[in-house]
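There are 2 protein chains.
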Amino acid sequence: MALIVQKYGGTSMGSPERIRNVARRVAKYRAEGHDLVIVVSAMSGETNRLISLAKEIQAQPDPRELDVVIATGEQVTIGLLAMALKDIGIDARSYTGTQVRILTDSAHTKARIQHIDDENMRADLKAGRVVIVAGFQGVDADGNITTLGRGGSDTTGVALAAALKADECQIYTDVDGVYTTDPRVVPEARRLKTITFEEMLEMASLGSKVLQIRSVEFAGKYKVKLRVLSSFQDEGEGTLITFEENEAMEKAIISGIAFNRDEARINVIGVPDKPGIAYQILGPIADANIDVDVIIQNVGQDGHTDFSFTVPRNDYQKACRILEGVQGHIGAKSISGDDKICKVSVVGVGMRSHVGIASTMFRTLAEEGINIQMISTSEIKISVVLDEKYLELAVRVLHKAFGLDQEA
Amino acid sequence: MALIVQKYGGTSMGSPERIRNVARRVAKYRAEGHDLVIVVSAMSGETNRLISLAKEIQAQPDPRELDVVIATGEQVTIGLLAMALKDIGIDARSYTGTQVRILTDSAHTKARIQHIDDENMRADLKAGRVVIVAGFQGVDADGNITTLGRGGSDTTGVALAAALKADECQIYTDVDGVYTTDPRVVPEARRLKTITFEEMLEMASLGSKVLQIRSVEFAGKYKVKLRVLSSFQDEGEGTLITFEENEAMEKAIISGIAFNRDEARINVIGVPDKPGIAYQILGPIADANIDVDVIIQNVGQDGHTDFSFTVPRNDYQKACRILEGVQGHIGAKSISGDDKICKVSVVGVGMRSHVGIASTMFRTLAEEGINIQMISTSEIKISVVLDEKYLELAVRVLHKAFGLDQEA
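Chains as they are written, first to last, in the numbering used here: chain L, 293 to 700; chain E, 293 to 700.
These are computed hints drawn from the structure, not numbers from a lab.
Any given hint could be a false lead.
One copy or two, it doesn't matter: identical chains are merged, so the pair holds either way.
[What the hints assert, rightly or not] Restricting the straight-line Cα-Cα distance to at most 20 Å, the calculated cross-link-like pairs of lysine to any residue (SDA-like) are:
{"#": "1", "residue 1": "K566", "residue 2": "N581"}
{"#": "2", "residue 1": "K418", "residue 2": "L295"}
{"#": "3", "residue 1": "K347", "residue 2": "I380"}
{"#": "4", "residue 1": "K347", "residue 2": "R312"}
{"#": "5", "residue 1": "K625", "residue 2": "Q593"}
{"#": "6", "residue 1": "K625", "residue 2": "L615"}
{"#": "7", "residue 1": "K347", "residue 2": "D383"}
{"#": "8", "residue 1": "K320", "residue 2": "A580"}
{"#": "9", "residue 1": "K347", "residue 2": "N313"}
{"#": "10", "residue 1": "K347", "residue 2": "R316"}
{"#": "11", "residue 1": "K692", "residue 2": "S651"}
{"#": "12", "residue 1": "K347", "residue 2": "G381"}
{"#": "13", "residue 1": "K625", "residue 2": "N559"}
{"#": "14", "residue 1": "K402", "residue 2": "I343"}
{"#": "15", "residue 1": "K692", "residue 2": "I674"}
{"#": "16", "residue 1": "K610", "residue 2": "D579"}
{"#": "17", "residue 1": "K347", "residue 2": "E309"}
{"#": "18", "residue 1": "K347", "residue 2": "R310"}
{"#": "19", "residue 1": "K347", "residue 2": "G306"}
{"#": "20", "residue 1": "K681", "residue 2": "R553"}
Could you put together the complete structure from these sequences and hints?
Dropping the structure here:
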């Protein structure tokens, strides 16, 4: 009796057989009397195939035309899923972004949704049809096809749930929920029944890439009830992402341990401790489109200070070259760095009302002889930068230290 | 200084390299100062791939959803061609059928064009852009994606030329024009500089499948100047298809020899010679969606007559079974037939004002000892049904007898 938006990713749509499986799952929900809007991604690999084709034609594909080309991936899967549903007797109708009308700005390849027309979808739902919508795409005010960027299908799902005031937005992936940490590193990792939006944001941005971060922000903004589920398991309630902390049934202080090994550290040693120095260092890095993550500036001594930050490992060499180029200008004694580091974070809204999380974390790492290179904190997370070789050990001992291996 | 619509088929768009070739050709015309609207097909093989995918999901794919899926083929190529043009410095913009707006009826997979909005295209042309339009597709009044059926991209090209009052519609194919007959059968076959629409219709329907027949009808209706050219040759003026006979510069009586070996003959012997008998025989055939081509009914004797017709060879067994089923009902003495036949036709508007074409044709065949099984005539063609083994011989001797091997 609920209105549910379900989103299926590329793996779930990866073959005719898998598309039929999705149709059977949709039919099961339909049989329970729910109204359903289904958002789908392109078949896995298809978007990359189309991008490669475009790059064979033009090294830097024209953004407007690239969107025309890559939007076809989801247009194929909406049609196929509608057929699969009709084939088992479920009335369904597919919609492209243009047909729904998912209005976006004109920022091709990374457009933002501005408005969703819900009349057509509501009429179909009223007529008893399952509505199938192409994820990842929209249309601008001039009728140009736009795309929302990588992972944009999650955003489409959440935006549709918000526009339709759906009871729940279910994101089907190849994992059955959000875990306390990566089970490949810690076999005792548990699936969380609930997680707050803020925690999910920290977990997602820290490397637990279950959901696209923009979709989580969107869900938080519009108070959409979001659930992550596995499309390969028939049972299981997944993980519910809640927007109110008191909805979180599990009272654990820490929800999970996130980590990221795709980082490198750069140190700028002995720069003059004066206003504007951070901008002089990071400005050229930002101009080169390199994302900077953790930033640390030590208290200066003798009019000089040390400045450290982390960048994606792929950009390490590039960032070093840029800084060597401006070293004289900024007056740094030396530039050094390390691309064999990792970042490990403990995340949890419970941190707000509990003291001692940081000390537990640092003590646990110290007991294992793990040296902490950098520390960064926010309201609901503490991140440490470590030598890469300690990653698995650090995650395991922290997982245990915060009792994440036990049901709350 | 002209407005030219160019249509490129799937072979011309078959690979990134070929798409770049098309872009170079378009650039050449652009450099000459022409305004250009380019219609493209899907990459060769792509439409079939998408249909196969659909059939894996649903044996008889839902027509609305099939159109959603197969319309993506041309959406990919318009984007790629726009990129290829931009890559060599030519400003261009792609349009789907929905974006142009090519309004069609709602007959999915075989829709008919009803109206074309030309505002967007005209604005782009005025701004100096090359306009690229997806062939084969349109949109109905409710915003559903439609397709025009096989060969529909030719129809899109002609319809755009008509809507924009273009000076010429150029159809690029893998042949460099329309020939007097198939050069594989008669090496002396010549490319025609001009052919009338009526002749082209007869040539196309008789097996010289250079252009989709609906596009030729469309061009005739709207007086669109149509030219067939090779996309693999840089030179050559192709064949101009004219809508006025006096534009035909070549004064040959006969324009070409068409032939078709995909035919089978069925004889219904000794049926009562009474009103309605043709319908009783052909009704069940039509109900089975079998196309009937040549139909001959002899003058009856003794209250009985013989009735013969040809069907596509693939449908021969099916047609025979149907007739055997109704033989008793229609009171036929016997059903017989032959699936080793062919049809050879001489085509030419000059026939209208010249007598003796039929006698020349029959004499020429008689001199080679070729027996004629059936004869069918129209205002501008004479067709004969022959034993299949005589096809090449008949085409060669007729080609020579009517002087087609010599420049008019």
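Checking K347 and R312: alpha-carbon separation at most 20 Å within a copy, between copies, both or neither? Classified as between: cross-chain Cα gap 12 Å, same-chain 32 Å, threshold 20 Å.
For K347 vs R310, is the C-alpha pair at or below 20 Å within one copy, between two copies, both, or neither? between (29 Å within a copy, 15 Å between copies)
Which holds for K610 with D579 at a C-alpha limit of 20 Å: within a copy, between copies, both or neither? within (12 Å within a copy, 72 Å between copies)
Up to 20 Å between alpha-carbons, please classify K625 paired with L615: within, between, both or neither. within (12 Å within a copy, 98 Å between copies)
Should K347 paired with I380 be assigned to within, between, both, or neither, using CA atoms and 20 Å as the limit? between (39 Å within a copy, 14 Å between copies)
Treating 20 Å as the Cα threshold, decide for K347 and E309: within, between, both or neither. between (31 Å within a copy, 12 Å between copies)
Pop the pair K347 and G306 into one bin, within, between, both or neither, using alpha-carbon distances up to 20 Å. between (23 Å within a copy, 16 Å between copies)
Check K347 against D383 for me: Cα-Cα at most 20 Å, and say if that holds within a copy, between copies, both or neither. between (39 Å within a copy, 18 Å between copies)
First find the shortest C-alpha distance between K566 and N581 inside one copy, then the shortest across copies, and answer within, between, both or neither for a cut-off of 20 Å. Intra 25 Å, inter 86 Å, cutoff 20 Å: neither.
Within a copy, between copies, both or neither: which one fits K418 and L295 at a CA-CA cutoff of 20 Å? Answer is within; shortest intra-copy Cα gap is 11 Å, inter-copy 48 Å.
Intra- versus inter-subunit Cα pairing at 20 Å for K681 with R553: within (10 Å within a copy, 74 Å between copies)
Homo-oligomer pair classification [G381, K347; C-alpha up to 20 Å]: For K347 and G381, only the inter-copy Cα distance (16 Å) is at most 20 Å; the intra-copy one is 41 Å.
In summary, the structure is inconsistent with hints 1, 8 from the numbered list given earlier, while agreeing with the others.
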